[in-house]
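Here is how the chains run, residue by residue.
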Amino acid sequence: MLRDMISFRFVLLVALGLALVSCDKPVDSGAEVATLHRGLSVEPESVDPHKSRSVQAAEVLRDIGEGLLSYSAAGELVGGVANEWTVAENGLTYTFYLRDDARWSNGDAVTAEDFAFSFRRLVDPGTAAFYAQMLSSIVNVRAIVAGEKPPQDLGVNAVDERTLVITLDQPTPYLLSLLTHPSTFPVHRGSITQHGKSFARPGNLISNGAYKLDAWQPGSVLMLSRNEHYWNNDETAIDAVNHHVLTQEMTELNRYRAGEIHITGSVPPDSFKQLRSERPAELHIAPYLAVYYYGFNLTKAPFKDNRQLRAALSMAIDRDVLVEQITGRGEAPAYSWVPPGVDNYEPRRLAYADKSQDERNAHARRLMHEAGYGPDNPLQIELRYNTSDTQQRMALAIQAMWKDALGVQTTLINEEFQVLLANMQAREITQVFRSSWTGDYNDAHTFLSIMESGNPANLPGYASAEYDSLMQRAAGQVDLDRRRLWLEEAERVLLADHAVIPLYFYVSKHLVSPDVVGWGDNVLDYHYSQHLSLVPAGATP
Amino acid sequence: MLRYALLRLLGAIPTLLLVIVLAFLMVHAAPGGPFDDERMLSPDIEANIARAYHLDEPLPAQFVRYLSGVLKGDLGPSYRYRDHTVSELIANAFPLSLKLGAMAMLLALLIGIAAGSFAALRRNSAVDRLTMAFSMTGISVPVFVIAPLLVLLFAVKLHWLPAGWSGNEGIARFVLPVISLALPQIAYIAKLTRASMIDVLSSNFVRTARGQGLGAYAVIRYHALKPAMLPILSYMGPAIAAILTGSVVVEEVFGIPGLGQFFVRGALNRDYTLVLGIVIFYATLIVLLNLVVDILYGVIDPRIRQR
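If you read the protein sequences in the order shown, they are chains L and W.
According to the numbering used here, numbering within the first sequence proceeds without interruption in unit steps and concludes at 938.
According to the numbering used here, numbering within the second sequence proceeds without interruption in unit steps and concludes at 312.
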């Protein structure tokens, strides 16, 4: 009683005090500054290009940093810090010429040595970068990451202030698009020496992109302002960019509707239909380089060495129903592993793709029968997915399709995401599981390489000598057309083996305010703030 | 007195240690790790990361390392928010959760007690029924329904108040979160006050006071209010705990970077250091608050001191 009395008074006093002092300072300084407000659905882990990992961190990094190459507003590969480059005939030596006016946000020149230093830092085991093997075809990357050679042995050489030479082990036609990835952005040497680990904090961070980081309130917002020293500053329209961390799609939508956010990071599935009729011009849905799939555990029964069974389960899924009834945001049904829209590539399709669902089901039943399953001996399997509404509805639908078409008895098991990850990797108890893969760069290799045997992202445990050898052949190929044929052939093998069931291809989903000018949809879903502008000028929503 | 306080403080150390050990074991027992992702890493990179964060050491060694850091006041770097330390994240988030919670509680007490007393005085009138109907609604409709509705009405339709936190300014951005947090509390406190006030108003000493000619206001102010507050005071205990841990739902709906959000995300992301840091922070806070209360007991009641 006395204790209650004391805490009661304590709270009253604290509350009164707080109510008096709680007048916060405004975040935005004034209406004359053109500030773009963007939503991020996940908080970036870091703005150190070598410590970050998520798509959202990359989005912020593309505003505050710049690599040797970049993408134009139209989605074309263009010069970034480098304005010219040459490739040797054997495809193994790249020479980059840096522009004279490339500057860090403190005015220092961006030099070739900055890039060489950054690439060495990226692969240094001590940095422990997630994307350490992003540039794995550069000479000695694997050995350095494994700690067998010093970072100095990396095949990157600053010939002079403005000339950088990169030497490769094997031809990598997509190297140029890799060099737009934030993990290949330069870091400022001086500030790493000065601040050590905390060099990437607001106030310390010196960056070379169109914007610089002014403030970061964890869990809330990253505030960027114009980098006056940026070489293309004259063409940059927007003065400040606030990346708001909004993990709840509904919260983000409400803020968009209230006019507080110009560009959302996502669109809630439940509001999609309504938005499509209410704000069709603001809703931007575009194909995206990511595939949603169900994988089989190929190392254990019943799916090990049982291609017919896998084929039957793959055929019996009506993907049109999935994308229309469950995801419903314009996703495309997937009959290939590599999404459409990848440069210089024509995805192969599953053999049954052109048949009707009835024909597929009939064929699937025959295959099940051949595999030894039937009404007397129904297949019993477990399907694992991570706990979420959409995943659950997807799993329920597929469970019903398998039951109706093939009499399969599927047990649904939802697991927390981290638990599912651990189980998929262990390949001990998993049978069928849900996963997805997002391309890191615009090349079929980013999808096909993960199914090579031994690739850590090869969750099914697919191991095909034929596939691996096709991928090897493609890797050694300088001729783009031939390389493409090898890759397409590899995909054909993968699909014929039914190692995975591709279900649908993701789309990028954004609401973009009519005040934003210059927005262009693209398969990588890259939208540099520097390419955008706001009308009417100076109007904050 | 000083000796008593010191003894109590010493007594708190094993409690805290036990909390740390249990929390440490529990976060590490959860499947998965802080760096697991759908994009699996190559074994070399995985090994480098484990080494960089000392996750390759045996668990006891990790514990000793962690504990020695904690003893020096260093809760370590967050695994998920890699540019921030855990201490920093807590220092940013806690004052916000506390501020919001305290404002909500203050509002709830003022309105709840006033409405409850009023309803008790006008028992069975239309006002009473209305108050109680509101109260039942407030208790039964969850915050995750109320908060988005408030946003829709006041931010999206009317544009009177901001819909979210970041990038907005001043006291305005507190209004909707505080109301969302306070509404269920108002309802509960009003109900409690009414019941308890009715009880007190029908007791002998109040009737005596009324019989001596005291007015209704004076009776309530000087005689009835204090005893009628007892159930509210008991209710305040858990309510304050809820304030301190922050309301995850309200923080999510408004995008407020409070401690509750970090705690939940830390657990989901297997951000070992962040979860442990927040657990230690809460545990220390509760131990300290209890200690302060006990010492105050001692100050007021000499019998406790002598024991």
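In short, the hints are calculated from the structure, not lab data.
A portion of the hints provided could be inaccurate.
What the hints assert, rightly or not - Okay, derived cross-link-like pairs now, EDC-like style, lysine to aspartate or glutamate, Cα gap no bigger than 16 Å in a straight line:
# : chain 1 : residue 1 : chain 2 : residue 2
1 : W       : LYS162    : L       : GLU675
2 : L       : LYS701    : L       : ASP566
3 : L       : LYS697    : L       : GLU779
4 : L       : LYS546    : W       : GLU174
Claimed, not checked - To be clear about the criterion: a stretch of chain W counts as covered by chain L if any three or more of its residues have a C-beta under 8 Å from a C-beta of chain L, and this derived list gives those stretches:
# : stretch
5 : 137-143
6 : 220-226
A quick note: this is a predicted structure, and the numbers were derived from the prediction, not measured.
Backbone N, C-alpha and C define an ideal beta-carbon position, used for all residues, glycine too.
>> I'd like to know which numbered hints this structure contradicts. Please list them from smallest to largest.
In response: 2, 4, 5, 6
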